[in-house]
Amino acid sequence: MLQLDLFVNGLVFGLFYALMAVGLAMIFGVLKVVNFAHGEFYMIGAYTYVLVALKLGISPWLALPFAAAAGAALGWIVERTLMRPLYEGYGSWAIMKDEYAVVVTFGLSLLLINLVDKVVGPYPYRGPMLTETSRFALGPVMLNGQKLIAAGVSLALLVALAVFIKRSLWGRQIQAVAQNRFGASLAGIDATHTTSLIFSISGLLAALAGALLAPLINPSPDVGAFPAIKSYVIVVLGGMGSVWGAMIASLLLGVLESFFAVYVSYDYRDAFGLLILTLVLLLRPHGLLGERAREL
Amino acid sequence: MTGEANLWSRRLATDFRGALVVLAVTALAPLLVRDTYTLGILIVSMYFALLALGWNLLAGFTGQFSLAPAAFAMLGAYTPALLAYHLRAPLTLGLPAGIIGTAILGWLLGRVVLRLKGPYLALTTLSFAEIARMMIANSHEFTRGDQGLNVSAVTANRLGYYYLFLGLLALVVVLVFELMRSRVGRFWLAIRDDETGAESRGIDVVRYKTLAFALSCAICGAAGALYGTFSQLVSPELGLLLQTGLVIAMVVIGGIGTLTGPLFGALLVYLTSEWMRGVGNIQMIVFAALVILFARFFREGLWGFATRLRARGAAERVP
Chain A
155 MLQLDLFVNG
165 LVFGLFYALM
175 AVGLAMIFGV
185 LKVVNFAHGE
195 FYMIGAYTYV
205 LVALKLGISP
215 WLALPFAAAA
225 GAALGWIVER
235 TLMRPLYEGY
245 GSWAIMKDEY
255 AVVVTFGLSL
265 LLINLVDKVV
275 GPYPYRGPML
285 TETSRFALGP
295 VMLNGQKLIA
305 AGVSLALLVA
315 LAVFIKRSLW
325 GRQIQAVAQN
335 RFGASLAGID
345 ATHTTSLIFS
355 ISGLLAALAG
365 ALLAPLINPS
375 PDVGAFPAIK
385 SYVIVVLGGM
395 GSVWGAMIAS
405 LLLGVLESFF
415 AVYVSYDYRD
425 AFGLLILTLV
435 LLLRPHGLLG
445 ERAREL
Chain B
2 MTGEANLWSR
12 RLATDFRGAL
22 VVLAVTALAP
32 LLVRDTYTLG
42 ILIVSMYFAL
52 LALGWNLLAG
62 FTGQFSLAPA
72 AFAMLGAYTP
82 ALLAYHLRAP
92 LTLGLPAGII
102 GTAILGWLLG
112 RVVLRLKGPY
122 LALTTLSFAE
132 IARMMIANSH
142 EFTRGDQGLN
152 VSAVTANRLG
162 YYYLFLGLLA
172 LVVVLVFELM
182 RSRVGRFWLA
192 IRDDETGAES
202 RGIDVVRYKT
212 LAFALSCAIC
222 GAAGALYGTF
232 SQLVSPELGL
242 LLQTGLVIAM
252 VVIGGIGTLT
262 GPLFGALLVY
272 LTSEWMRGVG
282 NIQMIVFAAL
292 VILFARFFRE
302 GLWGFATRLR
312 ARGAAERVP
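Protein sequence lines correspond, in order, to chains A and B.
The first sequence lines up with residues 155 to 450 when you count with my numbering.
The second sequence lines up with residues 2 to 320 when you count with my numbering.
Think of the hints as simulated: they come from the structure by calculation, not from any bench.
Do not take every clue at face value.
[Said to hold, decoys possible] Have a look at the derived ranges for each label pair, beta carbon to beta carbon: (1) B:30 - A:241: 40 to 48 Å; (2) A:273 - B:279: 15 to 23 Å; (3) B:90 - A:302: 48 to 56 Å; (4) A:274 - B:205: 47 to 55 Å; (5) A:234 - B:310: 29 to 37 Å; (6) B:147 - A:278: 13 to 21 Å; (7) B:205 - A:438: 26 to 34 Å; (8) B:36 - A:438: 22 to 30 Å; (9) A:433 - B:105: 15 to 23 Å.
Note that the Cβ used here is the ideal one computed from N, Cα and C, for glycine as well.
So here's chain A without its partners, still in its complex pose:
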């Protein structure tokens, strides 16, 4: 049953994609900007995990929190230093507001890639596995231990995030600011603090995705490019700014891609997602679950 194997492996990849994409979706929901440095959060997470585990010689499980902390700190710093002008109401925009975000996040992406390239080196690292089990068959489905554990952790994180957003005070504040920033601030919510929080969460999740996949991907400085592009596709497909849409779209993309790679073309599997992105933006710009994206 090749199909079942493809389906399950697609779902597993979908879980990793979701970890990347929900953060991007949350940022878009609140600031209406795309973070083009999102893939570098992932890359920083992968490197932190590998370097902490190798240099400190501690259990890889203990390296995961380091990666999470690095991602959260990076997200927080980025919001503090670069995103503030977006809602502090600059008088004149020689570069327009949307474009400002594109330029600084694109610049940040280049900066982080080259900084890591310079400091750590351009060669890929081999990350330590969380478990030593190699590939095994579960009925018709081929899995390996690392992938299974990573998928389990991702699923737990996504459920935790969903509960956090739905139930906790901070989560509700995030929802409120995403719906209406001004209204939320009238109701006494510190929108600035909430935005910092969102960037931290976004960085944390992306960094953890990088850390969990580090043993499978062997991080190099430009490793974030593809996961980032996948998450753009997902965020567009799910509806820009919709966290639930992003989760559904991640699983969908994971499964579709895994079938596409086998039945249509392996070489073009990465172009497939971009094709979806383009088509969705042109034909159904509000995605599966989003608000209307095109303004006129």
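Based on these hints, arrange chain B on the given structure of chain A.
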């Protein structure tokens, strides 16, 4: 700043004079440097200046923030290469085909993304750029994939290439200046500043936006086509997003939405980056950091800063 000095036509005229000075200095540079290596670096920096001017026409003047300039340079470079590889077409046919081909593709892209703004536009053009690059890198039978294609040179003379690039650069500068001076330029600025407003005043937004896309992409395509014959090898690396990042860095540092800014920025950034390659390969770190700092604190860029200083000087002289 006095009212008159701030008029758009005045600013544009000053801007054009600035660009001419930069071009004149570039034209005289071979008197001082004659070695082929340095000339080669200057040629590459002019290639980037062409891309910067092309991208600035679209992003700086028309407000359409595309992330595909490098992809169009790649497409422009591949057209003559593929025509020669499959049909043995000479460069006299291949080079114009590259320019016209990218103009048509740019026009089509402009039609497709007509209604998209800000991040949506950036994402769509980015995915166009990446799809184009992956198609070329993966179609091994048609394009030889990552191995790239060989292209014959226009002339074997390094200095000849230097002036060929300079001529194209001067042509593009004059073309952009004339366009910006005419109604078309005013329409573009109006679309950039307020699209709905422009449309309500009777500007054919669809037409002028697609025109900007076609022209900008044709400039990038021309740069790429000529560059392909200079390096004599075209590969998908020409279309890397990194290259687009470099172009954006040049324009933002030089001054977006001006004529001299992208030109000066490109030459400055590329030449400094070659110099920094000698001192520890830190050029990309420095430029990425500079782009962020310029966009954050210094949005007018170097040229904008220079004109502001000049205007302040003028205002002090006339009480």
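Could you see if the CB distance from residue 36 (chain B) to residue 438 (chain A) stays within 22 to 30 Å? Violated: the Cβ-Cβ distance is about 57 Å, outside 22 to 30 Å.
Note whether the CB distance of residue 234 (chain A) and residue 310 (chain B) lies within 29 to 37 Å or breaks it. holds, 31 Å
Per the hint of 26 to 34 Å, is the separation of the Cβ atoms of residue 205 (chain B) and residue 438 (chain A) within bounds? holds, 27 Å
So does residue 30 (chain B) sit 40 to 48 Å from residue 241 (chain A), Cβ to Cβ? holds, 46 Å
Within 15 to 23 Å or not, the Cβ separation of residue 433 (chain A) and residue 105 (chain B)? holds, 21 Å
Pairwise beta carbon distance, residue 90 (chain B) to residue 302 (chain A), judged against the given window 48 to 56 Å: This hint holds: roughly 55 Å between Cβ atoms.
Is 15 to 23 Å respected by the C-beta to C-beta distance linking residue 273 (chain A) and residue 279 (chain B)? Once the Cβ atoms are compared, 20 Å apart, the range 15 to 23 Å for residue 279 (chain B) and residue 273 (chain A) holds.
Is the distance from the Cβ of residue 274 (chain A) to the Cβ of residue 205 (chain B) consistent with 47 to 55 Å? Holds, since residue 274 (chain A) and residue 205 (chain B) (Cβ atoms, about 52 Å apart) stay within the stated range.
Looking only at beta-carbon atoms, does the pair residue 147 (chain B), residue 278 (chain A) fall within the given range of 13 to 21 Å? holds, 18 Å
Consistency with the previously given hints fails for number 8 only.
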